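Assemble chain B onto chain A, guided by the hints.
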Amino acid sequence: MTSPSRRLWSQGFPLAAAFLFSACSGGGGGDAPPGPITSPVVLTQAVFQGQTPADMVPDAGDKLILIFSGDVSLVAAARIDSADLSILTGTNAGGVGSQGNPPTATTSRSIEITLGAGTSFTPGTSTLALLADQDAVLDSRGNLVQTSTAVTIKNSDGNNPNVDLLTLNAIPSDLNGDGSAGGTLQVPPTGFSIDLTYSDPSSPIDTGTLILTSTVALQLDATSVLAGTNLTPLLTASIGAGNASLQVPGNLVFPDGSQALLASIADITGNTSAIRTFTFTVKTPTDALRPLENGQLWFIDTSRDIESLRSTTSDGGTTINFPIDNLPFPNGIPDFHESLIILGLRTQAPIPNVSGSKDSNQVTRELLQGHILTQLGILFQGTGVSFTFNAPGSFPSGASSTGYSSFGFSQISLGGSSDVAALGIAQFDPNNTRQEDDTLHPDGSPTAAFRLGVFPHTLTANGVNLSGSYFRSTFDAILDHRGLPVGEDPGDKARLQSLLASGSGDTRQNQIGLALVRLGRILAVTLAHECGHSMGLVQDGALPLGIFGASSSFPGSSSGHLNLATTSIFPLGAQEVMSPSISFQGANHIATGFNPLFRAYFKETMLYGQ
Amino acid sequence: MASSAILLLSLLLPQTVPAAEGLPAFDLGFAEADLVLIASPKGFAGDRIPVTVHSILKGSVDGQRLFILQPRSYGLHVRLPHKASPHLLFLKETPAGYLPLQRLGIQIPVPKGSRRERALLAFVQLLNRTAASKHLTSTRGMDSICRDLIRFTRSHTQAAPLLAQAALLTLARRPDLAPQIPANELQDLRRVLSDSRSDPTLRDLSARCLSAAKDPKLPNQLLTLLRKGEAKGLGPVFGRLLAAGSRIDSKQALTQIHKQAGPEARPEIQRALKVLR
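Here the protein sequences come in this chain order: A and B. Sequential numbering of the first sequence, starting at 338, is according to the working numbering. Sequential numbering of the second sequence, starting at 102, is according to the working numbering.
Just chain A, with the same shape it has in the complex:
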């Protein structure tokens, strides 16, 4: 990818010049409204196609393909000959020979001339221009295409490039309405990105030839941009060899309603791709549709105490048991701390003064919380969602949720066990119209049908006794009763200090560090999932009313969830955060995250609902 810039302006791309002229043409009249922006259809490429790519000598029967910047049509039965074209090789005039048959349209933007007897030009050297009085080629409004700068006749390599993907916000075909799940992507009038991938089997792409048009008129500040105008110069473009991303600036506004973008690109031998079309809907967002009009702060509450949790062993740590006196009663210890004790990340007799006056328990917890916040920052990068472990205030008493704009944050519990064996449970809030209290439980006020929050104990119960599990390879060295918990080896003071300083250390330091990193990651992924529910993921149904929750096109999905395991959106081993289930190992894959559709939702560059 090239660095983001409006690079086409500086490359002297013919369309850019045409656009400049037209855009300025209506603006000098004082009170007169600015004229509409349009890019007149002009000739952009001339490509010779011989018998083979090595055939550089034009003969009768060979082809000459003319490619234009917009849609064209042909005047019935009109020939293209020396009255329409000027071909020069140096100062010598050339020509396409006597024309037996009229040219044919090969795409809506290209025509093909079959060369006749007496043809004369040199591919790679000769230039070609349409003459001012040509009478064969019409633009989409029925006007004769005007003359323009001469282009060099290129020699075709015989292969056309292809626009493999045209989409918005980098959302892959499976999720943008093009896939079998159907639907139509809905975006706000501005601020989204237009993304393409393209390829060619034999020659590099000519990145200066990207043409992107809209089927409807747009608005650039107070000026109308007519349908069919090449939009590329109006966008903040980053155009690379295989893909391009074009950002719609805030002053370029698409109208509400259904519309389409059309794109084509050529290779360096002049062959142009077929036109790729992407249909979508634009909707001016209301606060009811916007999930994050004022951002979203989440308070992660680790103070809840509704259980008495501990682990035991009767065989020296081979088997870890959770005794039947693990009851749903408070015991004065936050359930999160009890979870950490079981995992060996907290001890009854911590080492004092590890970092200032903080003991080993406090430092271990801070390291873990730091990893959780870091990972949440990665998962929600570029969105208005943030997290804190410090209570920003008190949630309104007696409310399970309150109006989004009437309160400053939502909250969720972290710690303990689920009463229905889930790793996490939260309220579902389409479009994030409320601030949620996901710390509720059946014995609280207000009550919930079951405990809400994220539950590390469920993770522990699943893997703690399974030989060869990812859990055991992570925690066995420090697990209470099986290993040596953090803070119970005198050397842990130095190890924790080293971890605080991101320093290297011995095997045990690595084991402690690995446990903190991996636990931090799965807790962050689970928090992202649960908070995702409370911010509107994953509404059932196809776009634009839903975002594929419970879609049968994605096997394994369920109400409120999306499983993308059968797609190639995530690499092997990684998964969608909003999958119905997550493994400890899958959560720790570096590529596990929100898919581009959900990221666009959090960035408010796509919308669902009406």
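Treat the hints loosely; a few may be bogus.
Unchecked claim - Just a sample of chain B residues kept apart from chain A, beta carbon distances all over 10 angstroms, derived: (1) Phe145; (2) Ala146; (3) Pro151; (4) Val154; (5) Gly164; (6) His178; (7) Gly242; (8) Asp249; (9) Ser295; (10) Ser299; (11) Ser312; (12) Gln357.
Claimed, not checked - From chain A, some residues computed to sit far from chain B (all C-beta separations above 12 angstroms): (13) Leu481; (14) Asp494; (15) Arg613; (16) Arg647.
What the hints assert, rightly or not - Just the calculated beta-carbon pair ranges, DEER-fashion: (17) A:Pro373 / B:Gly144: 57 to 67 angstroms; (18) A:Ser742 / B:Gly144: 31 to 41 angstroms; (19) A:Gln718 / B:Gly334: 32 to 42 angstroms; (20) B:Thr153 / A:Thr711: 44 to 54 angstroms.
No lab work stands behind these hints, which were simulated from the structure alone. The model shown is predicted, which means the values in this text are computed figures rather than measured ones. For every residue, glycine included, the Cβ atom is placed at its ideal position computed from N, Cα and C.
Relative to the frame of chain A, chain B by itself:
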């Protein structure tokens, strides 16, 4: 407001996750549920689903009819099918009523009078005995539970593969029970593990059971399989088992066989080594 849940483990786990860790946890579900039964849901009645109870496998309930709480506004992952044929249901009793346990893959259909029903009933009996063995004060009887779990796997591999795997998973998750596996059954587990044509999940689970049983021959067997290139897809779990239960220096041993092994074997050895880093 509705509510949604995330569950641990999935039926559709990526290949790099050890197969056994993606299996439905019938054993944990059986232990966690207050009520396990085979019942037929009969549509909606407000926020509750009435079910006709066919058999009770754990717990007790009055009568043949039961209501299961399933508010429509809640987006729980595990939901009851409506007007469905008999299903195996794992229910948790909460202050609000009975809720389906949120463990993926254990709520399976049980056609009446089917081979699957017979297999399931036999498996649930085994789960019951296995759970009860937690309260045994001596090792007496443990060997027969181990033997029966392994035999169940052997006899149901074709007809009920999910339950066959789940039986071995149950044993792999009981390191207190596994040391009582009879010698001839240990030999059978070693045979399954060594057979590269066997189902990879069963090989994975056999290795875990042998590890839980503290089989002294396991480390060498794992190294041999890796060196011979007969551990396709099993490198990570072999690596972890070597690291956890071996008296040898796992990293050194794996590095050594990596040098000796042919090109087909090396990628899996590297995967085993990777988990030791």
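Subject >> Violated hints - listed by number, lowest first >> reply: Checked against the structure, the hints that fail are numbers 6, 11, while the rest are satisfied.
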